Amino acid sequence: MKSKITMILFVLILGSSLTTALVTVDSFTREPIARNKAKKLQKGILSSLNIEYGEDDPNEIFSANVETITTPGDKPKKFYRSKTSGDIAFEISGTGVQGEINATIALSPDLGQIRGISIVGQKETPGLGSRIGEAEFLNKFKDKNITSGKDKNITSGIAIVASGKAAADNEIDGITGATLSCNALEELINSELKKYVVMFRESQ
Amino acid sequence: MFLKKILGPKKYKIVKKALGIDHPVFSACLGICSALAISNKVSNAIAMGVGVTFVLVATAIFVSALRRLIPQRVRIITYMIIIASFVIIVDKTLQAFFPGISENVGPYVGLIITNCIIMGRAEAFFIQNKIYPSVVDAFANGLAYSYTLIAIAVVRELLGFGTILEIRIMPSGWENWVVMSMAPGAFFLLGLAIWISRAIQDAGSETEGE
Chain A
0 MKSKITMILF VLILGSSLTT ALVTVDSFTR EPIARNKAKK LQKGILSSLN
50 IEYGEDDPNE IFSANVETIT TPGDKPKKFY RSKTSGDIAF EISGTGVQGE
100 INATIALSPD LGQIRGISIV GQKETPGLGS RIGEAEFLNK FKDKNITSGK
150 DKNITSGIAI VASGKAAADN EIDGITGATL SCNALEELIN SELKKYVVMF
200 RESQ
Chain B
0 MFLKKILGPK KYKIVKKALG IDHPVFSACL GICSALAISN KVSNAIAMGV
50 GVTFVLVATA IFVSALRRLI PQRVRIITYM IIIASFVIIV DKTLQAFFPG
100 ISENVGPYVG LIITNCIIMG RAEAFFIQNK IYPSVVDAFA NGLAYSYTLI
150 AIAVVRELLG FGTILEIRIM PSGWENWVVM SMAPGAFFLL GLAIWISRAI
200 QDAGSETEGE
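Taken in sequence, the protein lines are chains A and B. Using numbering that gives the first Met the number 0, you'd call the opening residue of the first sequence number 0 and step up by one each time. Using numbering that gives the first Met the number 0, you'd call the opening residue of the second sequence number 0 and step up by one each time.
Hint data in this document are derived by calculation from the structure and do not stem from the laboratory. Don't take each hint at face value.
Stretch-level coverage of chain B by chain A, calculated; a stretch enters the list once three of its residues show a Cβ under 8 Å from a Cβ in chain A [stated by the list, open to error]: (1) 68-82; (2) 86-93; (3) 96-109; (4) 169-181.
This one's a predicted model, so the numbers in the text were calculated from it and none came from an experiment. Note that beta-carbon positions come from the ideal geometry of N, C-alpha and C, so glycine has one too.
Whole structure, please, built from the sequences with the hints as guidance.
Structure, rendered in structure tokens:
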């Protein structure tokens, strides 16, 4: 009997003190965590749309320059339109070599060209695959055609080719040493583009 | 011997043991997994060191305070619950106030739960000792783990990225050693470090014997 009481007492003490600690920490950190996440996405959207922002809070510039469009339906998707250029940006994500890659991409108003792309989160090999996040590489996506043939409504996507081999208007020079990550990025961009361009057209 | 004076001989012995013959990484080979994964940059190593030390100290306080109440049969689960709670606290704090570091350290903060240093010390020391010596022991072990991590990270970041704490050290023509920024580089370094520390210890014990 005594050991049972000790056990109950022990569970109560341990449970209540740890729960109190966790709830307290959660109440202090929930807001900053949500803010950090939103900030990161806003920065990604702004840099894809080629809108300059300072190092601190991007919120003001974001709300002044970007209009958010949410598609109707069960799984709403948010699209972001630049108020100045009319470019459309949205989030894309998929698997890389080491883990998930999250990025934002901006397209021209007719959805035919890439205006900008930025990597929001990635876990690729440091020094090798992680170079897909470098501005020098991402700048090469600017003004690439994502439609082929006469029908401008069909999204065919981009191709990341060996470094120095890019010739066609949908080809991008890859990074030597980051071939696998480049391939993964290409696949993720193309499949997400096909999905969301159609979705955005339908919603308009 | 300033430390000896404030801590008293018994506690001083605990610290000396943790930093010397019972060094958690070099002697007991505990916490190797995170030492390999996190030591690619000095800032990550510092964050991880502080995180582990905090969890160790908090666990020491809880386990030693409750040591008479913890039923024998469920003590390991009890350690896990206590450790896990504090790891969540560390993780949330990093996410909220140090988002950059949190991103780099990523899943490894969660893996502090399985860091054998904490489990090992809880089972070997905290459960049998009062709060004060347990906290001293936790600090000493956290310190031993942190300085190992930071020492390896200094070498890895310098060779792998040419920087220390993101400050450029190497000349601009420096070719980064990619292997150093990946886990195998840490294997080589940690192996070397364990070898050197054991050689020093052996030399020390031999002269003592004479």
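Hint by hint, here is what the structure shows:
1. Counting residues of the region 68-82 of chain B whose CB lies closer than 8 Å to any CB of chain A gives 6, so the stated coverage by that chain holds, three being the minimum.
2. A stretch counts as covered by a chain when three or more of its residues have a beta carbon under 8 Å from one of that chain; for the region 86-93 of chain B and chain A the count is 4, and the coverage holds.
3. Coverage of the region 96-109 of chain B by chain A holds [criterion: at least 3 residues with CB-CB distance below 8 Å; count 4].
4. Counting residues of the region 169-181 of chain B whose CB falls under 8 Å from any CB of chain A gives 4; the rule of at least 3 is met.
Hint compliance for this structure: no hint is broken.
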